[in-house]
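> One-letter residues, chain by chain:
There are 4 protein chains.
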Amino acid sequence: MATHHFTPSRYYTTMGAHEPALHIADGDTVITSTVDARGWDAARAQSGPRGNPQTGPFFVEGAAPGDTLALRLDRIVPSRRYGWSGTLLAHNVVDPEYVPKLGWPADDRSTLAEWDVDAAAGTARLLSHDVGLGALVLPLAPMLGCFGVAARGGQAISTATSAEHGGNMDYRGCVAGATLYFPVFEPGALIHVGDGHARQGDGEIAGTGIEISMEVEFTAWLIKGQRIEWPRGENADYIFTIGNARPLDQALQHATSEMHRWLLASYALDPAGAGILLGQCVEYDLGNVFDPAYTMVCKLHKSFLPHRV
Amino acid sequence: MATHHFTPSRYYTTMGAHEPALHIADGDTVITSTVDARGWDAARAQSGPRGNPQTGPFFVEGAAPGDTLALRLDRIVPSRRYGWSGTLLAHNVVDPEYVPKLGWPADDRSTLAEWDVDAAAGTARLLSHDVGLGALVLPLAPMLGCFGVAARGGQAISTATSAEHGGNMDYRGCVAGATLYFPVFEPGALIHVGDGHARQGDGEIAGTGIEISMEVEFTAWLIKGQRIEWPRGENADYIFTIGNARPLDQALQHATSEMHRWLLASYALDPAGAGILLGQCVEYDLGNVFDPAYTMVCKLHKSFLPHRV
Amino acid sequence: MATHHFTPSRYYTTMGAHEPALHIADGDTVITSTVDARGWDAARAQSGPRGNPQTGPFFVEGAAPGDTLALRLDRIVPSRRYGWSGTLLAHNVVDPEYVPKLGWPADDRSTLAEWDVDAAAGTARLLSHDVGLGALVLPLAPMLGCFGVAARGGQAISTATSAEHGGNMDYRGCVAGATLYFPVFEPGALIHVGDGHARQGDGEIAGTGIEISMEVEFTAWLIKGQRIEWPRGENADYIFTIGNARPLDQALQHATSEMHRWLLASYALDPAGAGILLGQCVEYDLGNVFDPAYTMVCKLHKSFLPHRV
Amino acid sequence: MATHHFTPSRYYTTMGAHEPALHIADGDTVITSTVDARGWDAARAQSGPRGNPQTGPFFVEGAAPGDTLALRLDRIVPSRRYGWSGTLLAHNVVDPEYVPKLGWPADDRSTLAEWDVDAAAGTARLLSHDVGLGALVLPLAPMLGCFGVAARGGQAISTATSAEHGGNMDYRGCVAGATLYFPVFEPGALIHVGDGHARQGDGEIAGTGIEISMEVEFTAWLIKGQRIEWPRGENADYIFTIGNARPLDQALQHATSEMHRWLLASYALDPAGAGILLGQCVEYDLGNVFDPAYTMVCKLHKSFLPHRV
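Protein chains in written order, with this note's numbering: chain A, 1 to 309; chain B, 1 to 309; chain C, 1 to 309; chain D, 1 to 309.
A hint or two may mislead.
Because identical chains share one entry, a pair is satisfied inside a single copy or across any pair of copies.
[Said to hold, decoys possible] Simulated crosslink set (DSS-like; lysine-lysine; CA at most 30 Å straight-line):
id	residue 1	residue 2
1	224	101
2	101	302
3	302	224
Don't read these hints as lab results, they were simulated from the structure.
The whole structure should be built from the sequences, with the hints applied where relevant.
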């Protein structure tokens, strides 16, 4: 259970079987850094390409297709003060007839909002935008928007979207303290991490969170021989499953099916037990509704769970 | 601002321009009762038809098409101990290939789970279901699943679904203390209330909450000349908007457009102000994903709101 | 098998259990007229309301819920020369980012294109629009956009949309010679007809066909005790089923399920027979993609059908 | 304008920047072969992997990102007599409640239907399936289900799905005589071809066409500097555009936007001209509704087109 300090020199905008940046053992911890969604690093220098460039991939020794990779997010801290975000709602999150009201200029290029991110104070302060919001100061909730493992079936999938391997899910629950579980599709699993947000609303409906470079620490371990279909996760209070697809209906179907499978396999419920419990206790969170694939999260509070098998 | 005690003798399974059951004035309070989704009353007698039968409609003097009706839910309390719920997940909330795993019998008729609902203790206890859940006791969160006003354009819309006028939204936020705002489509607005749930998971994914008859108290008033497109609401902490449509993507578009309109009209924001604020602060809740029309709720915490115009 | 000549004096913009305009017997023929989608009659006078006003309803003696109503379209002929259509694509049929390119003015009101419709020559000629199309003369294909029976479950459904009872399906196959089958939901079935189009592209993607008043002749008969779930139809070459819902995926699911049911019940196929046949021979046509509910049609050429049971 | 005879020795199940199998010049013709969707070749031997294995990629000298690649399908002829197809409808093409009626066994593995494909006679005859279809003999309509160029943004996309680069579109219009246009994303464009169907119904709703190995001849040329967003095509009668996405609504939006762009750029129409023309003349065909991404085709008959600029 070593701890690795890794300084990235190359970033990827697809998630696939790229050459490993570092080999780690089952149970190891990695302390590394991520650049922001445009490739800007802690010094605001362009050190990676645009489009959610990923640090890694990290090869976990012993990981084989059909296993599950556990990834605990130990620490996610902004590594600079400068954050930026979109200023206009995405075209696809409003009624088609309402699109002209969103304020997009003819060339579809909007300006950026800029934020002063104070990690110590735990705040993001909107800079210089005279848009009627006054002195807007928001609490931080640092998270990773895009991360996961190499994609299924030998694919290399753009970090602009998401699928069974994770990717650009932009789920607010991906904060320090959460553990994610991913299906392993390639030898070594090939962990990718990136796209830090100092904070984000549900859905990433303006196309961004408060985008920022991060210091990231995570711990990875294997659950050998456990095959899952979609990402799962847990935190102190909840277990959850993640579906990535469009429309949202299908993302919800993926996540709900995965939760049902989990309850039957790990909590010894039959379909009626799972139906009764989920029917009255399930919660859903909304991840990304900006990408080609949307994200829906199916949650169950641990206090309602029967004993694990 | 009178208080009316109303005992229903007839229930409707569509929401339209039915003959008013009671005329009330702007600002009045109504204390009444609702039967459950199958028409069973406080004595478990069948006193209404199946399918979310509605108490009302209540004609609000002075309400005219183009106005907004405010409806504050003052009190929602189970009026009997017997609650029931579905036991199996709905076919449409899982992947099509997973449907055969849900446990539905060949005739598509599942048994009901039965609950002992103790309003004083604030609990629902699962009765006699040996499904691996042990002694399942859940906290109550009494709500109305289906309510609203007469439908748009002279329609009579089934209480199995929802639209601009409200209807079967099954949103967990419709609890005592919440105020809903509905567009007025018919003279008198014609308030309908019904489909009480002692508790419900997000989405009503087993097709029901814990269905039960209710004592309901609400207060209604008019906002003359304010035209809204979709239901709005607020509680102590949030303002919110509700979109009803399928797929969920479109429900989300309706709700998000309505929130954007609200921020521009009532909080003096321009599109960039609304975009920046919503982008980093918006939250979404999931209403019904079982009906023909699904429900998505767009929320904004009041602490982030600028001063109201 | 009488023939009725009926001149309407009242038009409905919902499809429900309205007072019958005329009672007819099983097998009778009706010769009547329809006004256009804006209520303009053969003399271009406003004689009905806007929004696909319907002629009828016609009460078929003996029709009861659970029966099927057959409706053969015998003759659909424009009753004037003046036709009109939308000039801009609907916002919802293009990518959200592309909406600003459609040319909609700020007030969302576009001008109308006007057409000279010559029923004898079988042509529609575009009038006075200098839009680069030159002398555009299109062949006529007169059809009914919106028709059917009273809606399910006591509802009154807007003629702006469609459901199990038919409604605003805008399917190009609804021409003279086609027979439609509708589920009967109300005593008498209550046939409504309206929304004639001299011609229309698939999907009604500019929001209209070439809208025009019509002379309409149809023959109606009952199939007692045959319960169908969605509209069916046939013409000389095809049998077809119609699904109305949003998204298109669900409309397609409705239509495909109905076709599968039809093949099993009436053509003695088992699921493998139906699967093999549909898999290699099915065709789909697109109805309306402009309404709240979209329309998809599932077709099978009669030459591929086994003998009917 | 050379003609190349190419015998593949390796097949790919993703479409990306794989090592070129052959370099060809602008305007060259290639005569090659494809194995079927399971990798079975003309001798029914397993010579490629399962999952629409692709022949190629073919590097077109001079092709650069931002160009358009034209690909004319010159000849598609079954190279053996043995064809196979699925026997049961896919779970996702029927209503969720109807899934149990489709006949899927508990292990989700259905048997295959087998066909005797006689290319000379132009027929496929169903073998040995006693499913009530009698002696089913269908006319051939040989097509390619999955083909195109390397995917966008450095991705490698599974041949189980489709996107801007083409892929598994399963469009019945992709027959000999059709010319397809693809956006070039990688140097050389990197043409992939595979997944021949002796015949197929719309939508590939049983998950397959009549799957078979093929002899394929195509001619490729470049349109330098012409950037398109989605695949386009034409045949003797129509121009068409292809959208690949889920839900179908979005596939339709992609295809319709691309057609609108085409009419404005190449036929000198303004938005009103394009709206009037498409509104009354557009047709849509359905491609795949079985993949992760569905396919919708937007067509316009050439007889309605104004002169090309």
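> It remains to establish, for every hint, whether it holds in the given structure.
Cross-check of the supplied hints:
In this homomeric assembly, residue 224 and residue 101 come within 30 Å of each other (Cα to Cα) only across copies, at 25 Å, whereas the closest approach inside a single copy is 52 Å. Within a single copy, residue 101 and residue 302 get their C-alpha atoms only as close as 43 Å, which misses the 30 Å cut-off; across copies the closest is 24 Å, which meets it. Taking the closest pair of Cα atoms, residue 302 and residue 224 come within 30 Å of each other only inside a single copy of the chain (24 Å); across copies the shortest separation is 47 Å, beyond that limit.
Going down the numbered hints, you'll see the structure goes against none, and every one checks out.
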